[in-house]
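Got chain A sorted already, so can you dock chain B with the ligands onto it with the hints?
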Amino acid sequence: MSTLEIRSLSKRFGKLQAVHSLDLTVQPGNIYGILGPNGSGKTTTLGMILGVIRPDTGTYQWFGQPESHLARRRIGVLLETPNFYPYLSAEKNLQVVASIKGCGTSRIEAVLKQVGLYERRKTPFRTYSLGMRQRLALAAALLPDPEVLVLDEPTNGLDPQGIADVRQIIQQTGQQGKTIILASHILDEVEKICTQVAIMKRGQLLASGDISQVLQAENRILVASDNLNALRQALTGRPGIETVRTQGALLELVISGTPDPAALNRMLLDQGIVLSHLQVQRKGLEETFLELVAEDVKTA
Amino acid sequence: MLKLLEIELRKLLPYRSFWAAVLAYALLMPGLFISLYRLGVNVRGLQLDFNFYNFPEVWHNTTFIASWFNILLYFFVLLVVTNEYQFRTVRQNVIDGLSRWQYLGGKVMLMLLFAIGSTALVSVLGWLCGMFLSETQNTAQMFVKTEYIGLYFVQLLGYLSFALLVGTLVRKQGMSIVIFLGYSLVFETILRYRILPSEWGLGPYLPLQALGAVIPNPLLASFGGPPANYDLKIVGVSAAYSVLFILITGFVLNRRDL
Ligand SMILES: Nc1ncnc2c1ncn2[C@@H]1O[C@H](COP(=O)(O)OP(=O)(O)OP(=O)(O)O)[C@@H](O)[C@H]1O
Ligand SMILES: [Mg+2]
Chain A
1 MSTLEIRSLS KRFGKLQAVH SLDLTVQPGN IYGILGPNGS GKTTTLGMIL
51 GVIRPDTGTY QWFGQPESHL ARRRIGVLLE TPNFYPYLSA EKNLQVVASI
101 KGCGTSRIEA VLKQVGLYER RKTPFRTYSL GMRQRLALAA ALLPDPEVLV
151 LDEPTNGLDP QGIADVRQII QQTGQQGKTI ILASHILDEV EKICTQVAIM
201 KRGQLLASGD ISQVLQAENR ILVASDNLNA LRQALTGRPG IETVRTQGAL
251 LELVISGTPD PAALNRMLLD QGIVLSHLQV QRKGLEETFL ELVAEDVKTA
Chain B
301 MLKLLEIELR KLLPYRSFWA AVLAYALLMP GLFISLYRLG VNVRGLQLDF
351 NFYNFPEVWH NTTFIASWFN ILLYFFVLLV VTNEYQFRTV RQNVIDGLSR
401 WQYLGGKVML MLLFAIGSTA LVSVLGWLCG MFLSETQNTA QMFVKTEYIG
451 LYFVQLLGYL SFALLVGTLV RKQGMSIVIF LGYSLVFETI LRYRILPSEW
501 GLGPYLPLQA LGAVIPNPLL ASFGGPPANY DLKIVGVSAA YSVLFILITG
551 FVLNRRDL
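As you go down the protein sequences, you meet chains A and B in turn.
Residues 1 to 300 (the working numbering) make up the first sequence, in order.
Residues 301 to 558 (the working numbering) make up the second sequence, in order.
No wet-lab data here; the hints were simulated from the structure.
Being a predicted model, the structure only gives us computed values, none of them experimental.
Don't take every hint at face value.
Unchecked claim - Partner residues aside, some chain B positions facing chain A, computed with beta carbon under 8 angstroms:
hint	residue
1	Arg316
2	Ser399
3	Asp557
We treat Cβ as the ideally placed atom computed from N, Cα and C, and that holds for glycine.
Here chain A stands alone, though its shape is the one from the complex (with noise of 0.2 angstroms):
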């Protein structure tokens, strides 16, 4: 059973087409980033799962039932903006979700200490700073102990500590089995942390799957040796090598298919060419990103 099943949702405003027939299936202990320049309607789909945005048409499954409003008490959200109470406290605030979520009070000052708030807990939230707030919704996702975390840019606005404090919180919790879905700008924090990804721009999706999947869409390898310009021209126009590119010292070759770098050393030893540098390179989350981006609006 998944945990999340999205098939074709859409929505639009106005004329503006914010999801377009979106499909995503998210497993049990996913680690699931979701990718996409601003308004690519990462939010909009997020907001539709969650109860808060009307979708147009398609579906969406919580835990393989038919969309319910108990489905999202078992969730933890933090979407986009904290909304609380101005002139309730943190304390409060946290009481008013544990009854709507009916899970009892008594991890609120375990987790207001887990997002380093505990000193500030008898104020009202009206009198926090930006992060403050931000990490009064987080200690509010984290509150039910819930089996899905769902996270909307939750390092927006929190300082270096409180960034860190974050990545850390979705590891211990995903290293628990919990699901986690982490919409997020900050791409090597997504590489790092998250085990699936997909990459929307304009209500669509470009790409999505296990992260390896995603970033192994082209690899390369770096080669050198002592004469660079013997192993340019033995490299050049082979089949299964792109392109040949000088980076410094070494040699950049874009690969088509999977990469085979003991193929090609002997290759190069059969042609008398000894390898000094050999790495097999994989395209950064942030290259892999810019670069879909950039060739959607180029076939747009």
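Quick look at chain B with the ligands alone, frame taken from chain A:
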């Protein structure tokens, strides 16, 4: 349902404006009653002395006077409803796991609580006035006309439901007050007296016209006007409007993006 009320009370009880409103309400209403004790009016040399507090008329008089005062409660409901949009907490409540009908249920429970509380207050004050401020000792008539307490409840709930609907539709605090007053004082009056042909007889059944007539003005009779008896048809229509306002609120809430 009690669970929903509990959630609403958790939001409300620490809210200062709530206690300010409760305090104002609980102090001003008795104050108003006492100040009207033995009111004398001199109209063109004609001395009219009122005593509102003789049984059984006390029930009619006190509920009528109190109903003017309830504008405080309408505004408070507007405030509570629009706050949820201003703070975007309605969105958060739904994300956290309330269905939209449950969210509405909480608000309706709260309105019922206000209406019951206010009705209880008026009943107690009415009885006290009848016991201690009346000129006659007509206690045999004490339970006659107590149906006005029920009428008061129906009327109050109707207005509060209207405030719920306006607050939900408009979402903005200031604007909702403007629209609430504009609709009730100006729009319906024009509709009733200028637009709707009087021979259709629909005017009295417009929502706020009907609600306003649930407890007819008892003072007119003192000036020699017609005796003021309530009209069961108006009362029924008013109760139906409450249900209608709440249902429309629910449908609006259900269709809308939060
Ligand atoms: N309530 C709304 N009314 C009109 N347009 C909206 C509304 N909400 C979102 N949009 C539009 O829908 C598109 C998608 O918005 P969304 O908030 O989902 O983007 P996002 O991917 O979360 O962006 P960001 O990275 O900036 O958070 C945007 O073009 C936005 O302007
Ligand atoms: Mg967003």
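Structure-inconsistent hints, enumerated in ascending order
none
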